[in-house]
Amino acid sequence: MRRDALLLRPMLVRYIINNVLILPLLVIFNDGYIMQMVLFGTNAQLNTMRFVGSLLLPLLVLTFTLATTLLYDFEYNRFVDYQIIVLDPAWVVLERIVFNALFTFIMMVPFYPLCKILLGAKFVTTQTSWLLLLAILLLASLMASAYHIAAMCILPSSSMFIRLWARVNAPLFLLGGFVAPWAVVYEICPAVAYALLLNPFMYVSEGIRQAIIGGTMFFSAWVCMSALILFYALFYGAALWFFKKRMDHN
Amino acid sequence: MTQTFLQRVQILSVMLRRDFAVMGTSVRSSLIDCTIQALVMVFLQGYLFPYMGMPPIYIGALCIGSVVLFLLMQNSNMSFRMQSDILYGGFTRYQLTLPLPKNWFLARYVIRFAVQSSCISLPTLVLSFIILHNRIPNLAVRPILFLFMYLLVLIAVASFLIALGLWHDFAWLRANVWRRRLDPLLMLSTFTCSWQAVYAFSPKIALLLLCNPLTHAVESLRSSLLYFEKAPSLWLSAAVLVVTIGLNCYGMKRGLMRRLDPV
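Chains as they are written, first to last, in this note's numbering: chain A, 1 to 250; chain U, 1001 to 1263.
Next up, chain U with everything else stripped away, as it sits in the complex (with noise of 0.2 Å):
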C-alpha cells in the first residue's frame, strides 16, 4: 500500500518536473507579459480612471479584477493546448498509459495550471500595487489571508478551465467557450467594481451577483488586500470556492472519463 502510494508520488512528481523544466522555458517571456499587463494597468487604473471621475478607493479593486481577468485568459489558454494535444494524440495520451489514477491524473494537470498562471498574475498584481500603493488610499494588505485565498482562487480557475476543455470537443471550445462561459461569468461578476460600489447602487443586483463563483473569487482576493465597509464574508466566499472546486473535479473525471475513457 505504502510502497504504490510512494510510487504514484514520485511518478507525480517526474511529470511535475517535466512540467516545470518546460515552464521555465518561458520564463523570460512571462516577465514580459508581466511588465506590459502591470503598465497599462497602472495607467489605465491609477491615472485614467480617476480622472474621468472614479473614486480612488475603487483603484486597487480594479486592479485585483484584471488579475483574476488575466487568470481566466491564462487557463483558458493553457486549456486549448491540452485539448489540441488530446485531438491530435500528443502527450496526453501517453500519459494515461502510466501507474497512476485518474485522480492523481487530474491533480497534476491543476498543479501545472495553477502555477503557470500565478507565474504571470502575482508578478503582475505585485508589480502594479508597489506602483500604485500612493494611489491606493484603501491598502490593507493581510498576507497569509492573501495567500491562502489566492490557493483557492488559482484552483477553482484552473480546475474549472481543465473541466470546461475535458467536457466540450475542441471545436465548441474554441469558437464558445469565451462568448458562452466565460464572459458571463467575468461580465456578470465585480470584475470591473467592488461588490461595495455595486451594493451601494443597488442591493438587489449586489445579492444577485453574490450567485456567481467569480464574484466570491474576486472579492476574496479584495478582502484579503484592500479595505471595504461592506463585502461578502470571506468565510463565505472560501466556502463558495470550496464547493466550486468540489463540482470542478466532478466535472473532470466526468468530462475525462467522456472523452478519453481511461481504465
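Bound-form chain A, shown alone (with noise of 0.2 Å):
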C-alpha cells in the first residue's frame, strides 16, 4: 500500500484538481442546478432527492480511473508478476481494492459539503445524518473498488473499456437510483424496481438518500449497509477467481 501511495503522489494533485473540484463542480452546476431548475421545478426537498444520486457518477469514473492501473498492468508492465511471488493473490487482490477505496473514499468526502456551499438553500440538509453518510460513502468506495478490480480482472483489454460502460457501467449508474429512488421506480413498473433489487449502486443511491432526506420512502440504514457488504464479499470473490485463473496461479 505503501508503494501505491507513493506511486500516486506525483499525481495527487491532478487526482484532486479532476475529481475533488471539476467533475463535483460540473454535476452540481448541471445536474443539481441547471437540470434540477430547468426540468424539474423549484422544490428544494423534492430536488434534493434527486440530484443527491448524482454522486454515483464520480463514483463510478474515480474507482474505474483507478482500477484501470491494473489491466494496464497486466497488459504492459506486469508488475502484479512480481507481486504474486511474494504475496497470496487473495492478499494483493485485497490491497489493491481497499486503497482504491481508501481513496476513493477521501475523494468523495467533499462532494456533499460542497454542494452545500454552492447549492445553499436549494439543497435541503436539515435532516442530514452526516455520520451514517460518511459510513454509505465508505461501504460505497469499497464496493465499487471491488466491483472494478473484478471488472479489470475479466475483461481481456482495455480497448473493451467502452463496451464496458456502455453494456454494464452506464445501465447499472443510470438505473441505479441516479435521479429516482426505488420506490418511484416501483410505482412505474414493479418488474424493472424488482429487477433493480440486483443492482449495487440503488444501495448506494438509496442509502445516500436516506443519510440525506432520511424517512420511510427510501431502504433503512441497515438494508443499504448489509447489501452493500454483500456485493463488496461477492465482487472481492469474483475479483479473485478471475485474477488467479489470468496469473495462471494455482
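Worth double-checking, as some hints may not be accurate.
Below are the DSS-like pairs computed for lysine-lysine, each with C-alpha atoms no more than 27 Å apart in a straight line [stated by the list, open to error]:
{"#": "1", "chain 1": "U", "residue 1": "K1204", "chain 2": "U", "residue 2": "K1230"}
{"#": "2", "chain 1": "A", "residue 1": "K122", "chain 2": "U", "residue 2": "K1204"}
{"#": "3", "chain 1": "U", "residue 1": "K1204", "chain 2": "A", "residue 2": "K116"}
Please keep in mind that the hints were generated in silico from the structure rather than gathered at the bench.
Now that you have both chains on their own, put them together as the hints suggest.
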C-alpha cells in the first residue's frame, strides 16, 4: 500500500483537481442546478431527492480510473507477476481494493459539503445524518472498488472499456437510483424495480438518500449497509477467482 | 497530376476498405450496445423522468443529448486506441510511409471515426425514437436536414477527438481528457435539457451556453428532429460547427507534425 501511495503522490494534485474540483463542480452545476431548475421545478426537497444520486457518477468514474492501472499492468508492465511471488493473490487483490476504496472515499468526502456551499437552500440538509453518510460513502467506495477490480480481471483488454461502460456501467449508474429512488421505479414498473434490487448501486443511492433526507420512502440504512457488504464480498470473490485464472495461479 | 490523384484515391479507398472490414467483425456487438443503450434511454427518459415531473416536451431533447454523449464516448475510445497504436509502434507508423499526403491520412481517420461512431449512435437514436414516438409531443422530423446536421456533428466530434489525441500524449489523455476537456464541454452545454428550457429559466446562462460548440451540435440535431418555439438558428449552428471543424483540422495537422513528424 505504501508503494501504491508513493506512486500516486506525483499525481495527487491532478487527482484532486479532476475529482474534487472539476467533476463535482460540473455535476453540481449541470445536475444540481440547471437540470433540476429547468426540467423539474423549484421544490428544494424534491430536487434534493433527485440530485443526491448524482454522486454515483464521480464514484464510478474514480474507482474505474484507479482500477484501470491493474489492467494496464496486465497488458504492459506485469508488476503483478512480481507481487504474486511475495504475496498470496488474495492479499494482492485485497490490497488493490482497499487502497482504491480509501483513496476514493477521501476524494468523495468533500462532494456533499461542496453541494451545500454552492447550492445553499436548494440543497436541503436539515435531516442529514453526516455520520451515516460517511459510513455509506466508505462502504460504497469499497463495493465500487471491488466491482471495478473484478471487471479489470475479467476484461480481456483495455480496448473493451467502451463496452464495459456502454453495456454495464452506464445502465448500472443510470438505473441505480441516479435520478429516482427505488420506490418511484416500483410505482412505474414493479418488475423493473424488483430486477433493480440486483443492482448494487441502487443501495448506494438509497443509502445516501436515507442519510441526507431520511424517512420511510427509502431503504433503511441497515439494509443498504448489509447489501453493500454482501456485494463487496461477491465482487471480491469474483475478482480473486478471475485474477487467479488470469495469472494461471493454482 | 490526375494520375497522382487517382493513385491517392486508390490508396485511401484500400485503407478505408480495411477499416470497414475490421468494423464489420464487430457489427453484432455494436447492435447489442445499441439495444442496451436505447432500452435504458427509453425507460429513463421516456418514463422515469416524466414521472418525476419533467414535461414530456423534453423527452426527445434528452434522447438526442444522450446520443451526443454516446458519440463522444465512442470517439474518445477510438482516439485512445489510435494513441496506443502510435505509442506502441503499431499500424499508424506504417501508414505514414505510404505515398499519401498528411491531409488525406487525417481525412481517412475522420471518415473512419465518423462511420464507426454513427454505427452505434444512429441505430440507438432511431430505435429510441421509434419506441417513444407516441410520447414525444413535439416530434417534427426533417430527414434531409437531420442527415446534413448529423454529418456535420459526426465530423466535428471525430475531428475534435483526433486533434486531442494527436495533441496530447497518451498518459495525459488517459488521465485527463474526460475531466478537463470532454466533461466541461458536455456539462456546460445543453445536452441534458433543451436550449429553449434554459432560456426560459435564465437568458444569460442560455446565451453563455451558446459559446460552446457542443451546444450547437446538440441543438442542431434537436431542431432537425423536434419542434421548439425558441432554438438557436440552424444556420448559426451549422456555421459554428463548420468553424469548429476548421479549427479541429488545424489542430490535427499541428498535432500530427508534433507527434509523428511526417515528411
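Status of the hints after comparison with the structure:
1. U/K1204 with U/K1230: Holds, at about 15 Å.
2. A/K122 with U/K1204: Satisfied, since the Cα-Cα distance of roughly 20 Å is no more than 27 Å.
3. U/K1204 with A/K116: holds (24 Å)
No hint from the list above goes unmet by this structure.
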